[in-house]
Structures are given as structure tokens and as C-alpha cells.
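Novice: Given chain A, put chain B in place with the hints provided.
Sequences listed follow chains A and B, in order. Throughout the first sequence, residue numbering follows our numbering, covering 1 to 283 in sequence. Throughout the second sequence, residue numbering follows our numbering, covering 1 to 286 in sequence.
Each hint should be verified, as a subset may be incorrect.
As the list claims (entries may be wrong) - In silico contact screen, one side only, chain A against chain B (beta carbon under 7 Å); selected entries:
no. : residue
1   : R139
2   : E142
3   : R143
4   : P146
Source of the hints: derived by calculation from the structure; they are not laboratory data. Treat the numbers as computed from the prediction; the structure is a model and nothing was measured. Using N, Cα and C, we set each Cβ at its ideal position, and we do this for glycine too.
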Amino acid sequence: MSHQILHRVTARMLWDDQFARQVFEAPDQALAGLDLDDEERAALATLDPRALRVDPLRRRRTLQALCAELPVSVALTLSELGRISSLDAYFQSAPFHRAMMARGSMFLAFTEYLRSLNLRCPQLPDVLRVEEALGVCRRELERPCPRISAAPVPTHVWTARAPGVGVLTVDGETLTWMNAVQQTLFELSLIPAMGLVSDGPRVPPLSPPGEQAPKLLVVHPAAGGSGLLELGRVVHTFLGQLDSPTLATDALNQACRLGLSEAKAESLIFDLHEEGLIIAEAP
Amino acid sequence: MSPLLQNAPRLGVGISCEFNGGTRAVNLDAVALREAWPGLIHFLEVGADTRRGLDDHMRRWAAQGLPTTYHFLDLNLAEAEDLDPLWVQRTQAIVAELSAAWVCGDAGYWHVGAREPVHDVLLPPVLTRSSAAEMAQAVRALSAALNTLVVPENPPAVAYVGPLHLLDYYAQVVSDGDCGFLLDCSHLAIFQASRGLTPLTAFDGFPWERVVELHIAGGRPRQTEGLHWMEDTHDPEPTPQAWAVFEAALSRAKNLKAVVYECEHNPAEEVYDNFVRLNDAFPVEG
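Only chain A is shown next, with the shape it has when bound in the complex:
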């Protein structure tokens, strides 16, 4: 419906001055491809530009919320690029505008944007995957979890990895890198003005990837702490297989195929359910 398009374009104009200017100066070009009639294009092009700028900190506040969920990834990014404008540019990026038009996630668009920068930092990809997975799991608790609610529901008792629980395999040093960067960020938080000086805390040298065996993580932010658990290969693999609703009998068989006896498989499923890592429901 065109009113939703109007709303989404207006929101893009609020966050992106450059796009707003294009709408004011050349609406047909800036709004090309959108299902809007002449009157609707005119409505956008005749907005008072000043009314879009009454909140000069809008972008900073949004970045603050994004950075709060991706502190280490952002620190590594800024450490390499050395300019906050590299983050501001997110609001002019294709991932941002695509997300706004598709009712998508600004958070996921931001991680896509960070990846698109193709930075040299070899630790960034896995750090970003961990922080992104935590964010995705937090979001699964906010609204119906699509991997469960959008999947076909089995006709008998089924089980699935609980909303807000994920699995991830990353470089074995990833958590060490994250701890080191978080220590720097903590020091900066003690005296925020240190961010203005040249001899303040900096991201320390990080060990190169590939030196340790990969780390198998279960992502569970609702559990508190870092939200990251190391539960071993069998549990990790089993949880990874329960992405969508799976017949309870099939889930038991899957656990057995991982090398567990039937009794141990039943016990594992019981324990995972008790710990809130899986859910079980009847249709």
C-alpha cells in the first residue's frame, strides 16, 4: 500500500540527509521504481527540509544503539578506519535503504554494511558473526520466531531449538580477541574524554586466526553473562539440527546418530528442555 511506502521513504529521509536532498531536488529520479503517484511524490518533495532536521542527534542515537550490540566489531572497524564518518555512512548505504523499504532489520543491515567495508582486520569476520548471532537471538525473543512460526508444524509432538538460542562455529581465539577489545572499551568508558587524545587506550595487537581449534558456541543471551556457552560437539551439532520443528521421534534418532545410546539421547533431550535450550510442543 502506498501509504506504507510513503512512511518508509519519509523515514529514510529522516536518517539520510543526502537522500532527502535528492528527493527535494529530483523526486522522479530519487523515487524511481517506487509505486507512488505524482501527488505522493509531490507530498514528499514539498516537505519542509528543516522539519526533518529538528532532531540533530537522531543518527547518533541510532548508532549508539547499534554499537551497543556490536561493540567489538565497531571497535575493530573504527580502529582500522579511524573515522566516525565511516559509521555515519551506513545511513547512506544500500543495506540501510533496502532494510527500511523492506521492513527489515536495521541491525542486520548494519552488519551487512560492516561486512561490505571489506576491512583488512582478520579477526573482524568471526567477531562480527558472534555479535550478530547474539543480536539475532535477542530478536527471536521479541516477536514470533520465523524459523519456527513460519515452518510447517509436524502433526505429532515436536521439538525445536528454543527461540533465542543459536549455534555458531568460530575461530578458537575469537573470545580471547573479544575480551581484549572489551578491556580497552572498558578503560575508555572510565574516562570517555580519552577518546579525544592520541595516547589513550587502543585496541591491542590480537593473535592471528587459525592458531587454535575452532570453537563451538551455543548462543543464548537470555542465559545472562556473555550469552555464549561451550557445550561440546554432540550438543552443538544436535542443537544445530533443530532449527525448525522436528518430530520428537526424529529428534531422538538424530541424537542417537551422533553416537548416543537411546537412554543417553533421551536424557540429553530432557536436560536441554529443562535448560530452556529446546522447546517441545504438541500440535
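Specialist: Using the frame of chain A, we list chain B on its own:
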């Protein structure tokens, strides 16, 4: 007219609160204020969301069995798809805990895109007929899901898109949605000023019999690159334009049930006189 609307109780004058308002430097405790000023504060309008739920202040009020209304801060009534089963389930639990007389909230967009922490921003609806029709549909669905009266409110904004006047837009919403209306007098005064209109423009023809609640609060004049606008700061003293809207609405809204003075982040002595004024204007006994 919906039985839910016809049977809505008269609540009198209330005060607003928001989640963890007590962490702010100045915050009025509604329970204490009600005891200190007998007869001036009759209900609490609880502003909360499903992510954070209720805080101690809200629970203390509700535990005494005192009247409440629930003001959501996380539903895009302008976007029917935002009304998902998980939100409904969590809101039902909150409404039940509060025994809220009805559910109200700024009827526009509380977030851009889906409900996510980063997306929080209050934006107005697009003022067109198709948007009003979608909002009316969302209101009906919400009221049916909660089995509760739903009372949309006109939100604050500096910029609006769409040709309709705000009151014409919400007239369609409340008529098609068969619901009540919460007129925020200060928000309407801001809208009228932003379009260069007088405070009572478009009052004729509005379905005033559906207005069950009024809000009033103070604001501060701002200027951005020469643009004069009013920020909805909830300061103690409403503008003369907001009072003009309030007085005119009060005389027309024959089914009015509640008035909220949005003032909780101000010193008590600065809001006392207006609580007296509002109670004189709208006595709880009717």
C-alpha cells in the same frame, strides 16, 4: 457504537507514568501523590512496552486495586502486520495485571520496520484515507484480540505527510474502527501550528461522542534553521493553544471518561494548580 465504548467507566483525572520513570532525576510517585493530595488523582496511565513489562511503581499502584489505563509504547497501529500473536499475548498479561480500563497509545509508528530495540522512534501516520482504513482495521483486530476497548491517540510530530487534516484522519479511524479516541490537546495544538491553522480548525464534523480521554501537557518552543516548532516536553504549563483545545474538546466530548495530565517529571508544587484546575473542569463524579 461498541458496548466496550458505551460501558467504559468514568475515571476522572489521572497522571501518566513511564517504565522506570523513577530513575529520572525528578519523578512523581503516583501512589504517594494520591495520598498527599486526596481527591485530585484518580487513576494512573501506565506507559510501558512488552520488552520491559511493568516496573515497581506501576505494580505498587495496581496492587492497591486503583484504576489504571494501559498506554502501549510499542505497537504500530498504522501497520496492521505489526499486531503479532506474541505482542498480543504479552500485552494481555500486562492488561490483566493492571486490570486496565482500556488500552490506549499514540496511533502511528512506534518503530520503523519490525519491533526491534534499534528501531524505536515515534512517527505519525501518513494522513491519507488508505492509511486511516488500515489503522481502523488494526484497531478492530486489537480490540477483538484483547477483548478490551482500544483508544487510539493522535501522536506528536513536526512533519506530516499526506493531505488530510489530523482530525479528519482520526475521525475515519474511530468511526471505521468503532472505538474510542484519545485526543492529546497539546499534540493537536502542535499540529495546527505546524500547518498555520488556528487551534480549533476542523473541530466541526469530528465524532466527539467517541472521545473518551483527553491528554494535556506543557511544551517548549524551539527553532531549527528558522523553523519555529513546539517540542512536547511535558513541562508543567500547557500552552494557551493547548488549553484552548482542551476547553473546546471538553465542551463537546459528552462521553468523556478520563483526563490525563502528563507531568510526572516535574516538581509536585509546579503541577498542583493544574491538577486542581483539571478536577474543577472534569469532576470524577460527573
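Novice: State for each hint whether it applies.
Specialist: How the hints compare with the structure:
1. R139: Nearest chain B Cβ about 6 Å off; hint holds.
2. E142: 6 Å, holds
3. R143: Because about 5 Å separates R143/A from the closest Cβ in chain B, which is inside the 7 Å limit, the hint holds.
4. P146: Since chain B brings no Cβ nearer than about 10 Å to P146/A, farther than 7 Å, the hint is violated.
Violated hint: 4 only; the structure is consistent with all others.
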